[in-house]
Amino acid sequence: LREETRKELRSFLSELAITAVYVTHDRIEALALSDQIGVMRAGNIIEIGDPKKIYFDSEHQFVADFIGRSNLLPVTIEEQGSGYTKVSSSIGDFMCAKREFPAGSEITLCIRPEFVDLIDPKDKDTHQNTLVGKMHTMVFVGEVYESEILVGDQLIMVKVDPDSKVKEGDEVVVSIADHCLLVSR
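1 is the number of the first residue of the sequence shown in the working numbering; add one for each residue after it.
Since the hints were derived computationally from the structure, they do not count as laboratory data.
In silico EDC-like links for lysine to aspartate or glutamate, alpha-carbon gap of 16 Å or less:
no., residue 1, residue 2
1, Lys86, Glu100
2, Lys53, Asp35
3, Lys124, Asp178
4, Lys167, Glu148
5, Lys98, Asp178
6, Lys165, Asp117
Given the structure is predicted, the values throughout are model-derived calculations rather than measurements.
Construct the complete structure from the given sequences, taking the supplied hints into account.
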């Protein structure tokens, strides 16, 4: 019922070509109904953008975490290159899409679970941003397993295909997309 109402409301607003302000704490409603999203904290708007910008390219840790499930890791900027930023963390180094932060800055790396892929261990050297860990939990939710991998002392949320042969306790290798998001703390 809720999904159908959301679709009808989106269609209604589009058909009438009117501007509306819709207040919600539901991220799916915000993403699905909006042309622009304003995220508030403590009564102040801290970021405004279209749904894709807010989801994939947030500027603030609060917004990145609020608008979708995220793995948040404290990192330090190591270097900036042509089109990339290299960061280091307690569980490894990562190459990310370029974001302007001075070298040495302590910021947060936001990795969405859907951007973490299980890979064949023998392919580890052909991917960047790889981590080795142990499958900690796997919860079947229909289309995927919502899972956590223990890497060092850090739990990394990942979505695992329901056809996967991986079980809790197995050693796994993951690759993290290079469009992982760097945000200010």
